[in-house]
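Protein chains: 2
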Amino acid sequence: MNEFEILEIINNKLSCNSYLGDDCAFLSDLDLFITQDTLVEDVHFSMYTTSAYLLGRKSVAVNLSDIAASLSIPKYITISLSLPSNVKNNFVEEFYRGVNDICTEYDVKVVGGDITGSDKIVISVCAIGKKNSNFLSSRKFAKKGDYVLTTGFHGSSSAGLYALSNFLYVDEELLAAHLNPVPRLRESSMLLNCLDCNIAVMDSSDGLIDALYKISLSSKHSIEVDINKVPVSDKLIHFSKINSLNYKEFVMWGGEDYELIVCVPENIYLKLDNNIFTCIGKVVNKDIFPCVYLKDGNSKFKINADTLINKSYNHFA
Amino acid sequence: MNEFEILEIINNKLSCNSYLGDDCAFLSDLDLFITQDTLVEDVHFSMYTTSAYLLGRKSVAVNLSDIAASLSIPKYITISLSLPSNVKNNFVEEFYRGVNDICTEYDVKVVGGDITGSDKIVISVCAIGKKNSNFLSSRKFAKKGDYVLTTGFHGSSSAGLYALSNFLYVDEELLAAHLNPVPRLRESSMLLNCLDCNIAVMDSSDGLIDALYKISLSSKHSIEVDINKVPVSDKLIHFSKINSLNYKEFVMWGGEDYELIVCVPENIYLKLDNNIFTCIGKVVNKDIFPCVYLKDGNSKFKINADTLINKSYNHFA
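Chains as they are written, first to last, in my numbering: chain L, 945 to 1261; chain V, 945 to 1261.
Mixed in with the good hints, there may be bad ones.
Identical copies carry no separate label here, and so any pair may be met within one copy or between two of them.
To be verified - Within a straight-line C-alpha distance of at most 16 Å, the following computed EDC-like cross-link-like pairs (lysine to aspartate or glutamate) qualify:
1. K1075 / E1116
2. K1053 / D973
3. K1087 / E1168
4. K1179 / E1193
The set of hints was computed from the structure by calculation and includes no laboratory data.
With these hints in hand, go ahead and build the complete structure from the sequences.
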């Protein structure tokens, strides 16, 4: 079963649901956004390549990234920690030092959660954000003519992970992208200041192409992007070169960059700082079978669900 | 490390916290209550003794039980499900059928969550309740002279688990107590209708004595209860008798009954239905080293942290 099939089963079973398929759920009667993300040892991280401190930071960061995509202000988190009995003595202390540092940086309060036993470390964080504007973000709001923008670099995190997994020398910058990602809350707030309509935003937690495809599916519009316009780090190019790897594979399919992918009309694009938001393409036509067109020089590739399921990292594989 | 030591480490590390040590955290600026509980396969449940449907129900029920203890109205939940690749084909479908049924019964909406891979099934649910009264519940509110009340039967759930684990014949009622617990939301709402002050309420998820001790610790008052006044099911007595077990062990130390433990002044006690709320003791003196006094006929036992750590089920052992 892949992610799309599982979500379909869930949606069919739930009569009481309001799964929007966005990074956060919007609770309209409370003007709140809520999200929950889980990290599982040996699926999302390995204690051989990270520390309890960085894990604490990242567990919170990935949820704050969802809050950033919802254009709300993060307020509270709860943390559920499942631990094997053989974790290192100072694991809890170091983990919560990381949690405390990142929560202090973004003025977020830890209000609860639980701790329990398990075979592997499992961390589930729930984050709550407060609505901060008259406008909403949802994947479904992408419309014809929108500029497709992105923050930061793509591919750095998965290159960092590749290096760690294969014991390769790699620059600190790529390691940090993987082990200590920055939630794009400042960029989210810049975006918010320029809004005059609802827009499509999501984070690239599952990869750039995955994010673009999910926006296209949800908005029923195809999207065309130029892979050569996607901002990448020099360190990624260098790392790929010396290891004979194709850096575009990291850029397109690698996940966990936690950058924002944004679709906005021209007037909003013109108000934004081009050093922070890079235009990589446009939303094209409304489509019954929406897809992502990927330009690379003179070539153009069509990406749909099958491509994605084959290419993306599948946690259920 | 035991639960008390771990919580102390967390509280020392978090400068940004407001861990109240209650079943739910109260977000005063939003008038909301939030709670998160995680169930781990082979720690909290075994797929040899339950079904995906019942697991879906119970995962929600244990969180709604925390909401009941906070005297708020449950509104929304998010569910994070981690699944091994070898779960049965219809697991997701059956699990969400259970989730949907219990959410429909209590008018709760499922608004989000995620699904990911893992070695064992891990379910983490976050629930949000809306404040419904001018009065709050917290363990710390227990005061001298309060009546200690409880709903339902105690010991049934752990006897059900004991029977399942040891392949013993057992009545359906004890099995249901363990596999399909009922969150005491109706009882919570009855209680709310009688309030004229803040009171102490918690659920007995980790056992009756554990709950009483946590209230005594948090309120800095000792509590005296009569074990023979605790309501127990005839089925529990019968089951214990034919298997040469002491039923009081289940009543005192068995967990997962999800009954409410309530400390209220006399005037509130007198307004409550005695068929639903049973008085089992009283809050006695303020104490620097608060403890639970357990009366059993002419004997009286003093229970403190050491007794509890030795006796209670320790997930970290």
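Exercise for review: Have a look at K1053 and D973 and pick one of within, between, both or neither, based on CA distance no larger than 16 Å.
Suggested key: Close across copies (12 Å), not inside one copy (22 Å); limit 16 Å.
Check your understanding: Is the C-alpha distance from K1075 to E1116 at most 16 Å within one copy, between copies, in both cases, or in neither?
Key -> This pair counts as neither: shortest intra-copy Cα distance 36 Å, inter-copy 47 Å.
Practice item. First find the shortest C-alpha distance between K1087 and E1168 inside one copy, then the shortest across copies, and answer within, between, both or neither for a cut-off of 16 Å. Key: Within one copy, since 12 Å is at most 16 Å while 66 Å is not.
Exercise for review: Pop the pair K1179 and E1193 into one bin, within, between, both or neither, using alpha-carbon distances up to 16 Å.
Suggested key: Classified as within; 15 Å inside a copy, 63 Å across copies.
Comparing the model with each numbered hint stated earlier shows that hint 1 is the single one that does not hold.
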